[in-house]
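Trainee: Protein sequences appear in the order of chains A and B. For what it's worth, my numbering labels the leading residue of the first sequence as 1, then goes sequentially. For what it's worth, my numbering labels the leading residue of the second sequence as 1, then goes sequentially.
Note that these hints are calculated values from the structure, not bench results. All the given hints hold, so there is nothing to weed out.
In silico DSS-like links for lysine-lysine, alpha-carbon gap of 30 angstroms or less:
| hint | chain 1 | residue 1 | chain 2 | residue 2 |
| --- | --- | --- | --- | --- |
| 1 | A | Lys62 | B | Lys46 |
| 2 | A | Lys27 | B | Lys8 |
| 3 | A | Lys37 | B | Lys52 |
| 4 | A | Lys10 | B | Lys46 |
| 5 | A | Lys37 | B | Lys8 |
| 6 | A | Lys62 | B | Lys106 |
| 7 | A | Lys37 | A | Lys27 |
| 8 | B | Lys8 | B | Lys106 |
| 9 | B | Lys52 | A | Lys10 |
| 10 | A | Lys27 | A | Lys62 |
| 11 | B | Lys106 | B | Lys90 |
| 12 | B | Lys106 | B | Lys14 |
| 13 | A | Lys62 | B | Lys52 |
| 14 | B | Lys90 | B | Lys14 |
| 15 | A | Lys37 | A | Lys62 |
| 16 | A | Lys27 | A | Lys10 |
| 17 | A | Lys37 | B | Lys14 |
| 18 | A | Lys62 | A | Lys10 |
| 19 | A | Lys27 | B | Lys14 |
| 20 | B | Lys52 | B | Lys90 |
| 21 | B | Lys52 | B | Lys106 |
| 22 | A | Lys10 | A | Lys37 |
| 23 | B | Lys106 | A | Lys37 |
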Amino acid sequence: MGLIQREIEKTGIATVGVSIVRQYTEKVQPPRTVFVKWPFGHPLGEPGNASQQRTVVLEALKALYAISTPGEIIDLPFRWRRHDYSTYEEPGSLVPRNSE
Amino acid sequence: MSLTSRFKNRLIAKVITRYPGLAQRFITAYEPWESGEPIPWAPPRKPLRECKLALVTTSGVHHGSQTPFDMQDSEGDPSFRAIDGATIGKDYRISHDYYDHSDAEKDLNIVFPLDRLRELQQEGVIGRLAETHYSFMGHIDGRHIATLIGTTARQVADRLRHDGVDLVLLTPA
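I would like the entire structure built from these sequences, with the hints used as guidance.
Mentor: This is the structure:
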């Protein structure tokens, strides 16, 4: 996935990937990544758990604007189903860093 | 690839999804490709509420009418499928022997979070969503890596650019 991400970023489009295997991401070095230590086949979480899925999507979008070092991987702190996603504090409006 | 080894791949996929501890052995056995080139870098230029966003996944999802990904080739299938955002939720298949997609068949959003993105668009968090998204099968190896990097990934990148996409979220499986 990281290889595809790199090709897209090369055309001038900003990209962020969700990773479930940190070792692969470290090697392939896509521009921006959020990592979740979750089962294969579940990068956004469990079926039917919309607040969990939304949380990961928002964290990825946040990383898209926050990461300033190429290749950075942000380890998300969520512990699969043991985390209470209803308490997640959503990011405010996301804007390019230089226009803050 | 033989029927027996396809069955074996599916079985392994089920077992390591259920017991993530075992996955480490398979992760270590697979050596991802390293480019040695600098990391491409194109930071977002507009606020999220003004951006057009597309999804790219390596989960092997596609429309029922599209040709499934080739599971016979042990080095994977480097081709892609264009996904129509308006209809994929009602009509999708997943061709991928290397992970257990029974949960993704119940709720596509766990690998392809289009409903969540649509909600964010309706709330004004994201400017707009692309109509077309893209899907690969992942697990590309050997000779197909060159095809992926040199041809198919580049084709998708060009299509996204022509479509005026500002941001891409990539999801694996």
